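Protein chains in written order, with the working numbering: chain A, 1 to 171; chain B, 1 to 171; chain C, 1 to 171; chain D, 1 to 171; chain E, 1 to 171; chain F, 1 to 171; chain G, 1 to 171; chain H, 1 to 171.
Hints are computed from structural coordinates only; laboratory data are not their basis.
Just to be clear, a hint being listed does not mean it is correct.
Beta-carbon label-pair distances, calculated as ranges [what the hints assert, rightly or not]:
| no. | chain 1 | residue 1 | chain 2 | residue 2 | range |
| --- | --- | --- | --- | --- | --- |
| 1 | F | Leu169 | A | Glu48 | 26 to 34 Å |
| 2 | A | Ser171 | E | Asn23 | 38 to 46 Å |
| 3 | A | Lys55 | G | Arg52 | 45 to 53 Å |
| 4 | B | Lys166 | D | Gln168 | 39 to 47 Å |
| 5 | A | Lys55 | H | Leu169 | 37 to 45 Å |
| 6 | E | Ser171 | C | Arg52 | 21 to 29 Å |
| 7 | H | Thr141 | A | Ser17 | 57 to 65 Å |
| 8 | G | His164 | E | Lys55 | 20 to 28 Å |
| 9 | B | Lys33 | C | Lys33 | 28 to 36 Å |
| 10 | F | Lys6 | H | Thr141 | 43 to 51 Å |
| 11 | F | Gln152 | C | Lys33 | 42 to 50 Å |
| 12 | C | Lys139 | B | Arg60 | 14 to 22 Å |
| 13 | D | Lys139 | F | Ser17 | 52 to 60 Å |
Quantities reported herein were computed from a predicted structural model and do not represent experimental measurements.
C-beta atoms are modelled at their ideal positions from N, C-alpha and C, and glycine is treated no differently.
Protein chains: 8
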Amino acid sequence: MSAPKKPQVAILMGSDSDLEVMNETAQVLKDFKVLYEMKVLSAHRSPEDVQRFVKQAKSRGFKVMICGAGGAAHLAGVVAAQTTLPVIGVPINSSALGGLDALLATVQMPAGIPVATVAIGKAGARNAAILACQMLSLKETSLQGKLAKFKQNLAASIRKKNDHLKKQLQS
Amino acid sequence: MSAPKKPQVAILMGSDSDLEVMNETAQVLKDFKVLYEMKVLSAHRSPEDVQRFVKQAKSRGFKVMICGAGGAAHLAGVVAAQTTLPVIGVPINSSALGGLDALLATVQMPAGIPVATVAIGKAGARNAAILACQMLSLKETSLQGKLAKFKQNLAASIRKKNDHLKKQLQS
Amino acid sequence: MSAPKKPQVAILMGSDSDLEVMNETAQVLKDFKVLYEMKVLSAHRSPEDVQRFVKQAKSRGFKVMICGAGGAAHLAGVVAAQTTLPVIGVPINSSALGGLDALLATVQMPAGIPVATVAIGKAGARNAAILACQMLSLKETSLQGKLAKFKQNLAASIRKKNDHLKKQLQS
Amino acid sequence: MSAPKKPQVAILMGSDSDLEVMNETAQVLKDFKVLYEMKVLSAHRSPEDVQRFVKQAKSRGFKVMICGAGGAAHLAGVVAAQTTLPVIGVPINSSALGGLDALLATVQMPAGIPVATVAIGKAGARNAAILACQMLSLKETSLQGKLAKFKQNLAASIRKKNDHLKKQLQS
Amino acid sequence: MSAPKKPQVAILMGSDSDLEVMNETAQVLKDFKVLYEMKVLSAHRSPEDVQRFVKQAKSRGFKVMICGAGGAAHLAGVVAAQTTLPVIGVPINSSALGGLDALLATVQMPAGIPVATVAIGKAGARNAAILACQMLSLKETSLQGKLAKFKQNLAASIRKKNDHLKKQLQS
Amino acid sequence: MSAPKKPQVAILMGSDSDLEVMNETAQVLKDFKVLYEMKVLSAHRSPEDVQRFVKQAKSRGFKVMICGAGGAAHLAGVVAAQTTLPVIGVPINSSALGGLDALLATVQMPAGIPVATVAIGKAGARNAAILACQMLSLKETSLQGKLAKFKQNLAASIRKKNDHLKKQLQS
Amino acid sequence: MSAPKKPQVAILMGSDSDLEVMNETAQVLKDFKVLYEMKVLSAHRSPEDVQRFVKQAKSRGFKVMICGAGGAAHLAGVVAAQTTLPVIGVPINSSALGGLDALLATVQMPAGIPVATVAIGKAGARNAAILACQMLSLKETSLQGKLAKFKQNLAASIRKKNDHLKKQLQS
Amino acid sequence: MSAPKKPQVAILMGSDSDLEVMNETAQVLKDFKVLYEMKVLSAHRSPEDVQRFVKQAKSRGFKVMICGAGGAAHLAGVVAAQTTLPVIGVPINSSALGGLDALLATVQMPAGIPVATVAIGKAGARNAAILACQMLSLKETSLQGKLAKFKQNLAASIRKKNDHLKKQLQS
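Using the sequences and the hints given, assemble the complete structure.
Structure follows, in structure tokens:
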């Protein structure tokens with residue numbers, strides 16, 4: 001659950017069917033104790049709500065916007081068009097084309113309006129959160145230690161898997 | 001040149017580099033004597049101008065919106081999100097991916113917000129104009145005759161090419 | 001069920017296996033109270049039936065043709081070749097290639113013969129119906145109110161989902 | 001130049017811009033002394049001319065139909081829908097997608113209506129002619145010797161290139 | 001079951017896992033009462049058996065070779081390299097890439113060595129048989145009537161499906 | 001030219017042939033008066049130099065790493081594996097596949113190690129710089145004004161192009 | 001199980017979820033009685049462990065490195081950057097894109113640093129082992145006999161499948 | 001120029017138009033002083049010459065086979081089917097599809113018959129030579145020193161480029 005005031009990260013998604021994927025983002029942010037707000041906002045179906053939310057984002061204290069969408073995934077681009085906050089796009093595999101449509105519609109932005117695009121699906125959703133923490137850590141140095149620890153844990157978990165594999169192979 | 005008042009078709013493009021392609025749309029509309037207005041409006045770089053234009057489109061008398069864009073081509077989708085007028089999308093080949101990005105970003109719209117997508121590039125730009133005329137002809141029956149004539153001319157021009165080919169082969 | 005006389009929209013599909021997808025088109029048209037006729041007509045297996053149907057379409061009162069097909073999806077193009085009515089193509093994912101074949105075979109029409117292509121599969125099938133209503137609304141102004149209402153409902157449903165999400169997150 | 005009467009192979013192309021590619025087909029048929037007729041016939045722009053030609057093809061003595069087209073390449077499929085003669089499709093690279101659209105629109109035919117598809121572009125155009133000769137050779141045994149000779153020449157030309165390469169490397 | 005002597009069509013496949021697909025070819029040939037022989041022969045795992053079979057194919061009375069294979073599908077090309085009989089290639093979807101690899105490896109043959117490629121999977125396997133019958137019909141005129149009948153049945157079956165659909169919609 | 005001490009952004013590229021593209025990044029950073037250091041460092045050809053540079057990056061005061069690479073573009077991923085600083089990847093179109101290889105090799109990172117991927121080529125290179133400024137602006141609030149100004153200029157330049165277009169059309 | 005000392009082949013994989021695929025490599029090496037060591041080592045999550053392992057590989061007696069990875073599959077490239085031993089890359093289909101990302105990220109290496117890439121998934125994993133044996137056989141001639149025997153068995157197994165098919169068809 | 005006797009590496013190419021690419025392989029082998037023989041041999045146009053060459057390859061002293069081909073690139077697979085020597089495949093971009101066809105036709109080999117595939121085009125051709133040297137170095141230890149030296153030179157050349165870049169930026 002996100003904290004009641006001053007969330008720093010907005011997690012937006014184009015459809016509630018994207019929730020399963022975008023929950024990965026929320027989970028990682030919780031682990032890093034970064035406050036967030038999560039909303040369903042469609043660039044196509046509720047464009048005015050998107051605009052209203054994005055216009056107020058900076059004054060409400062948001063620092064990073066994370067947007068997940070599938071198909072002709074315009075959400076991240078539409079948000080990026082209306083803010084100078086960094087925008088992270090998570091392409092979601094919700095069509096017949098394996099997410100290639102969402103990836104290209106998210107990443108191929110024109111010069112002037114970047115979207116920081118991560119991998120298709122859950123891996124990308126997790127990485128969006130980590131990337132947001134890396135950005136926030138430029139100011140909040142307490143996050144730097146957590147990120148370093150997280151990185152060590154990644155390596156440690158690989159080592160543990162290796163030990164497990166070794167035992168499997170020896171048995 | 002578009003006529004001074006009451007254009008029925010808006011030709012929008014995301015960048016002035018799209019002008020060479022979108023001029024094809026304008027040329028066909030001129031041939032059909034359909035008034036249009038042509039504008040550079042970027043979903044990403046001038047989103048508020050897009051919104052202002054689209055919000056007034058219906059009351060200004062526009063009947064069809066044609067939008068050309070390349071890369072993560074969001075223009076047609078963003079316009080369609082803000083009007084109930086039919087929106088035609090022309091994917092433009094302006095990136096390294098041969099227009100596949102623009103095609104997918106234009107056509108793969110979510111349920112509720114259609115974009116009538118045509119072929120990549122100049123063929124699509126011409127067809128956007130013809131499709132607009134077909135739509136307008138549902139009300140303006142004078143266009144129906146022109147469309148029928150246009151179709152006959154297509155067949156006739158193929159026949160003429162055939163005669164030319166025949167002569168080439170015989171010589 | 002479609003009404004007995006004067007349907008305005010033809011829903012054609014290349015195979016009865018496309019029915020599950022194209023029923024989405026029918027359902028939306030019913031919701032808009034637009035009369036339609038639905039038929040299986042194959043550009044490849046029953047070309048003469050296609051031709052007969054299309055040649056009479058205008059005089060029978062049809063205003064818009066919607067064509068769903070998969071694989072080397074020629075139906076929309078073949079219909080568009082024989083009428084000046086606007087033709088909407090729905091690419092259907094019925095092969096091993098995720099509908100990319102149907103999309104390209106539907107959208108990449110040559111200059112002169114447009115097909116208004118929508119998204120692959122059910123989202124596209126629903127959008128084909130809405131696009132048809134947008135076209136019809138150019139003449140039948142009663143549809144304009146319905147389309148505006150529909151658009152408001154889309155935004156409202158997103159808002160409702162948001163409220164639901166908020167409660168989920170708080171619980 | 002094709003002989004004045006009883007051509008056995010029809011070479012059809014969707015546009016006169018395809019002529020440069022389809023001339024390769026003609027050249028190979030000339031080399032095999034197989035009579036052909038070459039025509040521009042568009043599935044989309046002159047559908048009735050296509051139909052008229054195809055309906056008479058068998059009675060006029062044609063044995064094989066070769067169809068070259070680009071983009072949403074429907075010509076071969078439309079011809080195959082209207083004849084029981086074997087139909088060979090040559091995908092032509094005339095759009096921004098490197099001929100992938102033409103390939104998929106030609107080859108992915110539904111069960112019941114085959115199109116014998118060859119490679120994209122000039123290699124495919126040459127092979128369409130050889131494939132036609134292979135088909136004709138089932139009846140006209142004189143062609144079998146020519147095909148065997150042609151195959152030997154292919155190998156011989158590779159050997160000659162090898163000798164040339166050897167000399168280059170030694171000098 | 002194929003008849004004991006003088007089969008006219010060889011159905012070859014690269015792996016016994018392709019049997020389910022290639023049985024479609026066999027079934028259609030049976031329906032047309034065309035004798036065939038079906039064999040597992042791998043271009044990569046049993047190249048000498050392929051060569052032995054192909055070298056004798058003509059003298060054993062074969063008229064058409066049909067080759068099904070997946071992945072880097074070389075079988076049809078390898079067979080075509082060693083015979084002047086027409087070779088039909090059926091790309092099979094047996095890898096992670098949806099059969100795109102098999103399609104490109106089958107169809108993109110160099111000038112001189114055609115492979116008549118049909119659709120990926122079962123539709124293609126059925127069409128390979130029909131195409132073989134069309135080729136054989138150039139000599140065996142009795143097949144021409146069967147092919148015409150088959151074509152009429154395709155149209156009739158579409159009409160029957162239509163009647164069925166009509167009843168469904170009315171009920 | 002970058003300032004002599006305390007650059008905040010590292011611009012790394014896998015090959016000096018990427019310089020033309022990555023100069024776009026440098027130019028934008030100059031415009032924003034953000035100090036950078038630009039280096040050729042190959043994940044594959046000089047892995048130890050990459051490692052040495054990245055290990056010292058934080059203590060040397062770098063805040064953001066921008067990595068451009070083509071083909072099997074590993075540079076951004078390799079850098080991201082060794083730092084907790086945010087890493088931006090610019091896929092470069094330097095192979096026969098239009099940059100699709102570089103895009104996928106950059107963006108499809110596993111959970112735990114994000115790379116903020118931008119568009120292929122020069123548009124992406126410019127956007128990498130803007131994205132870096134957005135990140136830096138979380139701490140350096142002076143950049144926020146510049147970013148807002150930059151955004152206004154984008155819209156203004158579109159408007160100017162529009163005026164120019166209008167004049168062209170009227171003349 | 002691999003033997004306790006002097007393994008000649010290292011089987012590395014980027015994630016323990018790749019184990020099911022890479023076990024195919026291990027199984028084939030066991031059949032050839034080639035000693036191997038199998039480890040989970042991630043180019044992104046445990047880069048230093050990768051480096052440590054690869055730096056010692058030659059002195060520990062390894063002759064060939066086999067690396068399996070999915071998504072932005074960098075493992076094989078990162079290993080190849082740090083050793084002069086031959087490196088074999090197995091692309092694994094672990095994302096939404098059917099392994100195309102892993103294939104391109106593995107095979108499209110820059111000049112100077114080859115990765116010997118095999119097919120996506122289990123077929124590739126088995127082939128990696130055979131390829132390693134072929135490399136080792138350049139020195140260990142005892143492997144040459146085994147490889148010849150293995151090749152004969154492949155052909156024999158195809159023949160057995162054929163006999164089985166023949167019986168099936170006759171029954 | 002290759003030495004007169006006992007070449008260890010065969011460089012085969014499917015067409016003399018591939019020579020420009022495959023010369024890169026030859027050049028690198030010359031630099032490593034590894035003897036080679038270079039031949040044009042087509043899997044499709046001169047299959048018997050391929051077979052004859054491959055069958056004698058081992059007894060003639062060849063240790064590694066390098067095969068370059070474009071389109072439906074079967075050469076490497078056909079060679080691998082007939083030898084137990086390691087086979088390296090170089091996909092060549094000679095069709096409209098950017099070499100994707102050649103890549104998939106080379107790499108997607110079935111279990112049992114590996115082809116060690118390298119990058120499309122000249123980078124791949126150079127890497128094929130280096131990979132061959134790595135394989136040969138398993139026996140010929142003199143090559144190991146050369147490979148280590150070559151790797152150091154790669155890093156050194158990157159450093160030199162860096163120095164050059166630094167000077168450019170300072171001037």
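Verification of the hints:
1. Leu169/F x Glu48/A: 26 to 34 Å: holds (32 Å)
2. Ser171/A x Asn23/E: 38 to 46 Å: Holds, at about 43 Å.
3. Lys55/A x Arg52/G: 45 to 53 Å: Holds, at about 51 Å.
4. Lys166/B x Gln168/D: 39 to 47 Å: holds (45 Å)
5. Lys55/A x Leu169/H: 37 to 45 Å: For leucine 169/H against lysine 55/A, whose Cβ atoms are near 40 Å apart, the range 37 to 45 Å holds.
6. Ser171/E x Arg52/C: 21 to 29 Å: holds (26 Å)
7. Thr141/H x Ser17/A: 57 to 65 Å: For threonine 141/H and serine 17/A the Cβ distance comes to about 60 Å; the hint holds.
8. His164/G x Lys55/E: 20 to 28 Å: holds (24 Å)
9. Lys33/B x Lys33/C: 28 to 36 Å: Hint holds: Cβ distance 34 Å, inside 28 to 36 Å.
10. Lys6/F x Thr141/H: 43 to 51 Å: holds (49 Å)
11. Gln152/F x Lys33/C: 42 to 50 Å: holds (47 Å)
12. Lys139/C x Arg60/B: 14 to 22 Å: 19 Å Cβ-Cβ, so the 14 to 22 Å window holds.
13. Lys139/D x Ser17/F: 52 to 60 Å: holds (58 Å)
When held up to the earlier numbered hints, the structure conflicts with none and fits them all.
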